[in-house]
Amino acid sequence: MNDERPITGAEKDQATRTGEDLRAAALAAAESVPVSVDPPTLFEVQEMELNFGPQHPSTHGVLRLVIRVDGERILETKPDVGYLHRGTEKLFETETYPMGIPHTDRMDYVAAATNNHAFCLTIEKLLAVEIPRRAQLIRVILDELQRLSSHLVWLGTSGLDLGAVTPFWYAFREREQILDFFEEYCGARLTLNCMRIGGLPFDLTAGWVERLMEFVDDLPSRIDDYEQLLTDNRIWKKRTVGIGVISGQECIEWGVTGPVLRASGVEWDLRRAQPYECYDELDFAIPTRVNGDTYDRYIVRVQEMRQSVRILRQCIDLLEPGEFRGKVPRVIKPIAEEVYASIESPKGELGFYCVSNGTNRPYRMHVRPPSFINLQALPRLAKGHLVSDLVALIGTIDIVLGEVDR
Amino acid sequence: MKVLTPTVLTYLKVVTLVAVVPAIVGFVVVLAERRLMGFMQVRLGPNRVGPKGLLQGVADLVKLVTKEDIMPARAERTVFFLAPVLAVIPALTALAVIPFGPAVRIGKIKTPLWVTDVNIGLLFVLAITSIGVYGIILGGWASNNKYSLLGGLRSAAQLVSYEVPMGLALVSVLLLSRSLSMVEIVHRQASLHLWFIFPGLLAFFIYFVSGVAETNRNPFDLPEAESELVSGFNTEYSGVKFAFFFLGEYAAMIVISCVAVTVFLGGWLPPFPHVAALKFLRIVPPFGWFLIKAGLFLFGYIWFRSTFPRYRFDQLMALGWKWLIPTALANIVIVALAILATPGRSNGLFVLSYIFGGLFVVMFLLAKLRQKLARRERLAAIPASAVE
Chain A
1 MNDERPITGA
11 EKDQATRTGE
21 DLRAAALAAA
31 ESVPVSVDPP
41 TLFEVQEMEL
51 NFGPQHPSTH
61 GVLRLVIRVD
71 GERILETKPD
81 VGYLHRGTEK
91 LFETETYPMG
101 IPHTDRMDYV
111 AAATNNHAFC
121 LTIEKLLAVE
131 IPRRAQLIRV
141 ILDELQRLSS
151 HLVWLGTSGL
161 DLGAVTPFWY
171 AFREREQILD
181 FFEEYCGARL
191 TLNCMRIGGL
201 PFDLTAGWVE
211 RLMEFVDDLP
221 SRIDDYEQLL
231 TDNRIWKKRT
241 VGIGVISGQE
251 CIEWGVTGPV
261 LRASGVEWDL
271 RRAQPYECYD
281 ELDFAIPTRV
291 NGDTYDRYIV
301 RVQEMRQSVR
311 ILRQCIDLLE
321 PGEFRGKVPR
331 VIKPIAEEVY
341 ASIESPKGEL
351 GFYCVSNGTN
361 RPYRMHVRPP
371 SFINLQALPR
381 LAKGHLVSDL
391 VALIGTIDIV
401 LGEVDR
Chain B
1001 MKVLTPTVLT
1011 YLKVVTLVAV
1021 VPAIVGFVVV
1031 LAERRLMGFM
1041 QVRLGPNRVG
1051 PKGLLQGVAD
1061 LVKLVTKEDI
1071 MPARAERTVF
1081 FLAPVLAVIP
1091 ALTALAVIPF
1101 GPAVRIGKIK
1111 TPLWVTDVNI
1121 GLLFVLAITS
1131 IGVYGIILGG
1141 WASNNKYSLL
1151 GGLRSAAQLV
1161 SYEVPMGLAL
1171 VSVLLLSRSL
1181 SMVEIVHRQA
1191 SLHLWFIFPG
1201 LLAFFIYFVS
1211 GVAETNRNPF
1221 DLPEAESELV
1231 SGFNTEYSGV
1241 KFAFFFLGEY
1251 AAMIVISCVA
1261 VTVFLGGWLP
1271 PFPHVAALKF
1281 LRIVPPFGWF
1291 LIKAGLFLFG
1301 YIWFRSTFPR
1311 YRFDQLMALG
1321 WKWLIPTALA
1331 NIVIVALAIL
1341 ATPGRSNGLF
1351 VLSYIFGGLF
1361 VVMFLLAKLR
1371 QKLARRERLA
1381 AIPASAVE
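Residue numbers (our numbering), protein chains in the order written: chain A, 1 to 406; chain B, 1001 to 1388.
Okay, chain A solo, but in the shape it has when bound:
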C-alpha cells in the first residue's frame, strides 16, 4: 500500500490534447478507483451526536459539522454552512462592475488574486475586450504566486490538523515572502484587489521581477524541505493513505474540481482544458494520481507547486515592456447578455455567471465557488472513518469558509 505511485500523463501527449479530448479521457478514466466499504460493526451501535465547530481549531474557519458517531466512528456528517455569509452575490448587483472586484477579495481570502482574475475575466468576456500581452503575463504570474501561497497555507494547516506542527512554520515562512511580493505590487497582502477589468491597476515596480526570480529559484529546494518532513513519513502515510477515497466518476458526479479531482485520476485542469490568458503557450504538466485518497491529494498539490514554479519561470522569461491595461471604456456598460467564465483557482473551478441588462450594474451575478461544491462531498468522504480522519478530510478538500458562505 505504501508503494510510490507515479503520477500519470506524458507531457507531450498532454500538450496536443484539446479540452474535448481531455473531457472524454477524464470520463473514461474516472471509473477505475474502488470505493471503500463500511467495515462491519461487532458491537451494538451507541450513537452520540457531536457538534463539530463552528468554534473548532480544525474547521478552517467557521464551518459547523453535526456528526453522528458510534464511539469515534462517523455514521453521518451534516455540514452546516452560512456563518460567514455576507451576501456577496447580492452586493455585486448593487454596485457598478469595477466596484465588485474588492468583494471578490473577501471570498477566498487566501487566494484573492485568482478571485479578482475570475471576476475580471467574466466582465471582459462580456465586453469582448482585448487584454495586452504584458497584462496577461503578469496576471498569470500573480495567479501562480497565489496558487503557491494558497497551497502553502493548505500544506501548513492540514499538517497542523494531523499534529505535524513544524511544516506549518516552514510553509508560512515562504508564504510571507509571497505576500511581500504582493504587497510591493499592490500595497495589500491579503485582500489584494490587484486586477482591473481589461488589465491591471499598476505596472510592476522596478526590481520586482529580479527578486521574484531569486525567490523562484530558491523555492524547489524549500518544497523539498516540506517533502522531507512529510512525504516519506511513516505516520503521515498512515494518516493519509486510503483515507477519504473517492473515485473520479464520483468526483464528477459531485461536481468536485481541482486537486481533489486530479488526485482521483481525472486529468482536468482549466488552464489546459479551456486555456485563458496565455496558459496555452506555457509548458507545464498536470499532476494526477490514481488512488483518490488524502495522500494522493497531498502529492498532487505538492507537485502543482513545483509546476507553478515552472510556469513562473517561463512567464518571467516571456515578460516584455508594454501596456498593462486594455482599451476599456471609462464607464462600463456592457450589452445585455449572459456569460459564464471560469478559471482554475487553487481550489478548483472558480466561475462567475453574470447576467447583464445593459446598465452599469450586473442584473445578477452568481459565483461557482470550488470550496462550497467540494465541501458537499465531505459527508460522502467521511462516512465510516474516525473523528481523527474527519479532521484530515476537512484539510484535504481545502476549503475557505469565505468562499463557501460568500
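Hints in this document: simulated from the structure, not taken from any laboratory.
All values derive from a computational prediction rather than experimental measurement.
Just so you know, even glycine gets a beta-carbon here, dropped at the ideal spot from N, CA and C.
A portion of the hints provided could be inaccurate.
Claimed, not checked - Covered stretches of chain B, as calculated for chain A (at least 3 residues, CB under 8 Å):
{"no.": "1", "segment": "1035 to 1043"}
{"no.": "2", "segment": "1308 to 1322"}
{"no.": "3", "segment": "1367 to 1375"}
Stated by the list, open to error - Below, in silico cross-link-like pairs of lysine-lysine (BS3-like), each with a Cα-Cα straight-line distance of 27 Å or less:
{"no.": "4", "chain 1": "A", "residue 1": "125", "chain 2": "A", "residue 2": "327"}
{"no.": "5", "chain 1": "A", "residue 1": "333", "chain 2": "A", "residue 2": "125"}
{"no.": "6", "chain 1": "B", "residue 1": "1110", "chain 2": "B", "residue 2": "1013"}
{"no.": "7", "chain 1": "A", "residue 1": "383", "chain 2": "A", "residue 2": "78"}
{"no.": "8", "chain 1": "A", "residue 1": "237", "chain 2": "B", "residue 2": "1368"}
{"no.": "9", "chain 1": "A", "residue 1": "383", "chain 2": "A", "residue 2": "237"}
{"no.": "10", "chain 1": "B", "residue 1": "1146", "chain 2": "A", "residue 2": "78"}
{"no.": "11", "chain 1": "B", "residue 1": "1013", "chain 2": "A", "residue 2": "237"}
{"no.": "12", "chain 1": "B", "residue 1": "1013", "chain 2": "B", "residue 2": "1067"}
{"no.": "13", "chain 1": "B", "residue 1": "1110", "chain 2": "B", "residue 2": "1279"}
{"no.": "14", "chain 1": "A", "residue 1": "125", "chain 2": "A", "residue 2": "90"}
{"no.": "15", "chain 1": "A", "residue 1": "237", "chain 2": "B", "residue 2": "1052"}
{"no.": "16", "chain 1": "B", "residue 1": "1052", "chain 2": "B", "residue 2": "1063"}
{"no.": "17", "chain 1": "B", "residue 1": "1146", "chain 2": "A", "residue 2": "383"}
{"no.": "18", "chain 1": "A", "residue 1": "90", "chain 2": "A", "residue 2": "333"}
Go by the hints and put chain B onto chain A.
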C-alpha cells in the same frame, strides 16, 4: 546539629526532591521546550519576560494561578476537583525512589541523593505512575463535555495498552539486574561495567516508545489532540486545575526520563567508568551526569513533538498490541537465553550487546537507504523538466 536527624533529613529531601525540584524543573523544561521548538520551527519562541525569556515560566504560573477557575454547570464536582490532583500526585510521588546520585557530603552531613531506596523500587514506579491515568480519565468524564469524554476514553485505552509493553521491557532489565531496587540496578551496572542499554537495546526502545505514549506526548498525544478533540480531557479545565494537569504531564515526562536513565543509562555513572582514558569525565559530578542524561531524554521528547504527525487512535492500539508487546515478549526470551547460555558470568550480555548494536546499525542504514530509494523513485516519476 541535633536538628538534622535522619528523619528530618528525609522530610527535607522529600520536600526538595519531590515537590520543589520538579516544579522548578517543570518550568525550566517548558521554557526549554518552547525555545527549542522555536528554534526547530524557524521562529523565536518566548523571549520577552525577563532576560532571554527566562522568567516565562513564572509569568505562566502567575497567569494560571490568577485566572478564573471555571467549572462547567453540570460537571461532577468532586471528581472534577479530584482529577487534576490525581494526575499530579502520583507523578511526583514516583520521584521518591529515583536515585539522582550517590551519597554526597554537605558540610558535616552525608546523605544519599534519594529519598528512599525501596527494594521494590521499579515496581513502585510502575504501580504509582499508572494511577496517574485515573486523573485523565476521570477529568475527561467529569467535565460533562463530549470531546473531553472522547479524550478520557482514548487515554484509558492508550495507557492501559502501553503499560503492558513498558512493564515487559522492564522485565528483561530485571533479568540483567536481578533486583528491583533502583539503587541496586545502578550498582549492578557499575559492577558489570555495562550499561543495560547495550544488552537491552530493544527493551530500551520499547520502553521509550511506551513512555512517550504513557505521558500523552507527540506522536501519541491523542487524549489531548488539540486539532481533533480541542485539548480533549482538559478542555474544561482552567486556572490552577489546568496548571496541575500541565505540571502532571511534565512531571510524568521527568519520571519516565529518570527511570530510563536509572535503568538503561547507568543512573549517575559517567560513560564507561572503568575505562582509564575516560577518567577525566569524572570532573562532572554524578548528579550532573544524571541531569545530562535525563536532559537528553527530555530533548528527545521535544524533538519528537516538532517532528512527527499524530497517530490515529486505532493505529496507536495496533502498534502497541501487534508490535510492541510481541517484540517485548520475544526480547525477554532472547535476554533470558543469553544469560542462561553463560551462567554466572556476563559474557553473554556482551555478546548480546554486540548483536543488538550491529542489528541497530544495519537497520538504521537500511532505513536510510530505503528512504533514499523512495525519494529517487518519486523524483523519477515527475517529468524531467519539472525538476530543476
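Hint by hint, here is what the structure shows:
1. Evaluation of the coverage hint for the segment 1035 to 1043 of chain B: fulfilled, as 5 residues show C-beta separations to chain A shorter than 8 Å, against a requirement of three.
2. Counting residues of the segment 1308 to 1322 of chain B whose CB lies closer than 8 Å to any CB of chain A gives 8, which reaches the minimum of 3, so the coverage claim holds.
3. Counting residues of the segment 1367 to 1375 of chain B whose beta-carbon sits less than 8 Å from any beta-carbon of chain A gives 3, enough to reach three: the coverage restraint holds.
4. This hinted pair checks out: residue 125 of chain A and residue 327 of chain A have alpha carbons roughly 14 Å apart, not beyond 27 Å.
5. With a C-alpha separation of about 13 Å, the suggested pairing of residue 333 of chain A with residue 125 of chain A holds against the 27 Å cut-off.
6. Our distance criterion of 27 Å between C-alpha atoms is met by residue 1110 of chain B and residue 1013 of chain B, whose separation comes to about 13 Å.
7. Restraint check: the Cα-Cα separation between residue 383 of chain A and residue 78 of chain A comes to about 11 Å, which is no more than 27 Å; the hinted pair holds.
8. Between residue 237 of chain A and residue 1368 of chain B the alpha-carbon distance is near 17 Å, which keeps this suggested pair within the 27 Å criterion.
9. As the CA atoms of residue 383 of chain A and residue 237 of chain A are separated by approximately 20 Å, the hinted pair is consistent with the 27 Å bound.
10. Under the criterion of a C-alpha separation no larger than 27 Å, the hint pairing residue 1146 of chain B with residue 78 of chain A is consistent with the structure, at around 18 Å.
11. Only pairs whose Cα atoms come within 27 Å are accepted, and residue 1013 of chain B paired with residue 237 of chain A is rejected, the gap being roughly 48 Å.
12. Between the alpha carbons of residue 1013 of chain B and residue 1067 of chain B the distance comes to roughly 32 Å, so the proposed pair goes past 27 Å and is violated.
13. Of the pairs offered as hints, the one joining residue 1110 of chain B and residue 1279 of chain B holds, with about 24 Å between alpha carbons and a cut-off of 27 Å not exceeded.
14. Of the pairs offered as hints, the one joining residue 125 of chain A and residue 90 of chain A holds, with about 21 Å between alpha carbons and a cut-off of 27 Å not exceeded.
15. For the hint pairing residue 237 of chain A with residue 1052 of chain B, the CA-to-CA distance comes to about 38 Å; that exceeds 27 Å, so the pair is violated.
16. The suggested pairing of residue 1052 of chain B with residue 1063 of chain B holds, with an alpha-carbon distance near 19 Å, which does not exceed 27 Å.
17. With a C-alpha separation of about 20 Å, the suggested pair residue 1146 of chain B and residue 383 of chain A falls inside the 27 Å cut-off, and the hint holds.
18. Taking the CA atoms of residue 90 of chain A and residue 333 of chain A, the gap is near 19 Å; set against the 27 Å cutoff, the hint holds.
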